[in-house]
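A.B. asks: Residue numbers (numbering that gives the first Met the number 0), protein chains in the order written: chain A, 0 to 759; chain B, 0 to 262; chain C, 0 to 148.
These aren't lab readings, by the way, just hints derived from the structure by calculation. Everything numeric in this text was worked out from a predicted model, so none of it was measured. Note that the Cβ used here is the ideal one computed from N, Cα and C, for glycine as well. Some hints here could point you the wrong way.
[Stated by the list, open to error] Distance ranges between label pairs, derived from CB positions: (1) 113(C) <-> 25(A): 32 to 40 Å; (2) 222(B) <-> 169(A): 51 to 59 Å; (3) 218(B) <-> 6(A): 39 to 47 Å; (4) 238(A) <-> 143(C): 48 to 56 Å.
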Amino acid sequence: MKIINQSIRKLDGMDVATGKPLYTDDLVNANALVIKILRSPHAFAKIKSINIEKAEKLEGVECILTHKDVPNERFTMAGQSYPEPSPYDRLILDEYVRYVGDEVAIIAAIDEKTAIKAMKMIAVSYEVLEPVLNFEEAIGHTSIVHPEDNLQVNFDIGMKKEKNITATALIESGNVEKELGKSPVIVEETYYTQAQAHAMMETQRAFTYMDSNGRLTIVSSTQIPFHVRRIVARALQVPKSKIRVVKPKIGGGFGGKQTASVEVFPAIVTLKTGKPAKIIYDRKESLNCTTSRHAMRITVKIGADHEGNIQAIDMKGLSDTGAYGEHASTVFSVAGYKTLPLYNSAKAVRFSGNVVYTNKMPAGALRGYGVTQGIFALESAANQLADKLNMDPTELRAKNIIKEGETNPISGTLDSCTLDRCIEKGKQLIGWQEKYPRKIISDTKVRSVGMAITMQGSGIAAIDVANVTIKLNDDGLYSLLIGATEMGMGCDTVLTQMAAEILETTMDKFVVPGVDTDSSPYDTGSYASSTTYVTGNATIKAAEDLKLKLLKKASEMLGISLEKLDFQGDTIKVLNHEEKVVSLSQIAEYVSAGEGKQEQLMGTGTFGGDKSPPPFIAGFAEVEVDKETGKIDLIDYVAVIDCGTVINPKLARIQAEGGLVQGIGMAMYEDVIYNQRGQMMTNTFMQYKIPCRKDINKITVDFESSYEPSGPFGAKSIGEVVINTPPPAIAHAVYNAVGVHVRSLPITPEKVLKGIWKFQ
Amino acid sequence: MFAIKNYRTPNTLEEAYKLLNEKKANTILGGCGFLRMSNKTIATAIDLSQLMLNYITEDADYIEIGGMTSFRDVEVSPLLNQYFDGILPKAVGEILGVQFRNVVTVGGTVYSRYGFSDFITALLALDTYVVLYKGGKMPLEEFLIKGSKKDILVKIVIGKKNKRATFHSIRNSQGDYSILNVAVSKKDNIFKIVVGARPARAMMAQEASKFLTEGEINEKAIEEACIMASKELTFGSNMRGSKAYREALCKALVKRGLMEVLS
Amino acid sequence: MKIQVIVNHKKIQMEVAYDEFLVDVLRRYGFNSVKRGCDTGNCGLCTIWIEGKPTLSCSTLAVRVNNKNLTTIEGIGEEAKDFAAFMVAEGAEQCGFCSPGFVMTVLAMKRELKNPTEEDIIHYLTGNLCRCTGYVGQLRAVKTYMGVA
């Protein structure tokens, strides 16, 4: 292989690194109306009246919309394949407001100042209702977050809205009670994970205009252009065919742009006024009025024998989806589906529980998608089990983890896995033998190590689909047409590597345009760790299809049968007759003009997998804990990854480093705090702390590649799996340092110190 | 949303002072680091940038820092790195990034008497005075307690005699504000222990400072002083930390500060 | 009011409101490399140079830069490309949204610090947040660019 497994530079790298104006807000029509949203000051209220008379009269105000002006057809903003498992529980604007920040009115004006001025002139009278703020008290609360009768579900997800239950889950294999009953060693603990924010640098944004055919064009910073088209069509009750979605460069997504948080607002304004409109969320809106990770409580019960053979795992969860149910049931069940198979030795496993509505910002998709939450609980409990057994936690893993070739009742047969080798290599890289469990540095400082393992998936089996088209242009340049969405991770480059490998040519022979639902082939979008695996497989098929067409055309041009031709990328030669040759550009010219041979040479490929092969990681943390202040310094973080064949080592490494640091943020810094009235107190970067440069010391990433037979060139995914191990591994290291179990994220110095006090 | 109705760049302090007191809603612009998120309406914004208040100078007994001097200038000042064990550059150096410290001004911070300030804590441990245009010169400690009528902070004046000084803070993320900060100084045998971000504004631990200044210095006395400081000062809870946690940090950081100035 | 500024070596007259911040004005005048990220001084996306000093344009009132010399990444194209090539070689540009502010800070650092250590570099760049890379790839790129071992 010439191009696969090479650290090729990103195709758009120089452009985005030097500040070229390629992002949504750089492309907006200067005359676009500016949209501002009037938001609810109450966590739960019914709007009694809205008076927009004064505001509407303000010069420069184009339109003001309230719940009376929007279709009464509920929808979900979740970017999922139709029919979505997320409930249709939203209106563009509703007479109920369900969290502080929920939308009350849409104001469109000639500029931001006018829009804000008008916003202040709107008088709203609310009937304030008792909010559901504590998700542990949601079920059976006197307030019902969704009292409306036109809420709709596409599947039976266990919705009981009168009890504030959005969805339920039960994943079960074997007799859990029986196996736990027989287990002499039991660990049972409860864990809490917070509603982490995506905090992508480019906030949610979109602009809209009517094109020449009376169709609505939406330019959006989105991971899901095709889903956005369908979501907006339903929300606005217009035919899908009347909407076009364009995705330019995106400044990060992390799942935050897998929910169509903003597109409906400019869309309805443009439809009503015929004028271009834009909405650019500021940081406060991005943190306070979009979606976050689902906060969860997970109780884990593990049973094992005295030798450390895990017999049974029971996980009981409760998930907080906030005011609306985006990704509610799927994120929750994934917390079980993609954690329990790790311990294939268990004879019985179960994941069960509820997702509940509360009057807080809705949750949605975020890198890790439930696995991050489940892994913190499961791996923390596994580490505690090792401790209880007086066993090295890496040995406990060695005894119990799933191995290549094994079959798991939940995840099926595992065709590729080097998790055992990942653990071994990780131990060496962190210096486990010398450092486990701790070293005393001084009277006040202790150094220690901790570890955790994880898995994820590669796309959604039997649901995700990608189509890819490769077009030969008249100058011999290929256009690689994809519907997957580059958002910085390098998928345009990685997919081009695959096409170039098959077409035996170089990267510079390709151009990859941005996504446009009018011209790009359908793709469910870049989420669920799907792009390399799902769109990659489709790319290979498209490249092979085109390659065959090129060979056929060469055969026709040379008058030589197919099997005697040798495809060499830029040229096609006749075997044993080196002088008989036709170049790619000759073929391109040949089909472009004359002689009645004209043909658009295009290869197409479609892929929808029937499985979702899991990547694996063994993560190791080394920390130094200050016993007097509780302050934790993360000295080193090692992650050894099995993502199958690494298509582009440098891009994979960066993606891993970035995901690890996002996991470190969740583990240590990123706290979400609401006050008693349900206002989010952490809605700025001044209060919501993502890791900064000084927080990160050494990060060590390495690969132990397996070969996934169903993957493109043997590859599996890497996008999400990288975020999962830091919370449990750092919690474990802190325990090994000072004996304190922190079971509620983030692991702050105060929690550590208060834990230390308990011994004193 | 914040708004400015009028904007002026006076050429003299007198002119600036007059403007300031013309209307209640007239305001001096500091660094404007926190203006964007504010909701206030300023009638006339008064920009002091024509008044040459950006300087760090010294004479035989004092160092003077002009009100418009940026935190970045404090951080990289050779003079301030040379005095008081470099406590002032150290205290401002951990505040967000270079591009923020190039914005924030000494006058804006001190005049606002921010509770979370690292800089004020460090200044208070030194022999520091503020000079107000009308209010004149007064000890920083007095200014922090009393504040002043609407005035202009012209400069900070610091006596040069303090030899040893140290600053400690605890942040969770290094990009965050301090959960608690402590500055300790020693001039001959006189100790000053100052604790800020309690989260209320910085205060001197008078009794603990006096106890060390007047007594014998040994390990036991230091332990005693740490406990005294954490008891005489009041602490509160906010998002960054609880009262109990701050008390504990106070003990730990005061001890570290004392050990350092005694080393 | 009208202000006179030199942006990237060119004199420009700009019409600004008293309460407008520089980031918004610069974008309005087509300097789209300047990104707005947080509004609270934390992220560094809007970093430009005012008289050669890296400064947050989101925390600077536009009226205050009257008669001043401003530089955005558009104004130092070649030097930005030189450094960007190191970022791209590491894959550390990722989404690129923080790049303009980050590059401006790195190039200011290069002018300001002589023989910086790794610690000096991290200290200087700590006001630039990035959510994609986890910082270590950026650090590799900066160290190689600056010739720091």
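A.B. asks: All the hints need checking, so say for each whether the structure fits it.
C.D. replies: Now for the hints, and whether the structure bears them out:
For residue 113(C) and residue 25(A), the hinted distance range of 32 to 40 Å is satisfied, since their beta carbons lie about 36 Å from each other. Taking 51 to 59 Å as the suggested C-beta distance range, the pair residue 222(B) and residue 169(A) conforms, at roughly 57 Å. Hint check: residue 218(B) to residue 6(A), Cβ distance near 57 Å, so the stated range 39 to 47 Å is violated. A beta carbon spacing of about 53 Å between residue 238(A) and residue 143(C) agrees with the range 48 to 56 Å that was offered as a hint.
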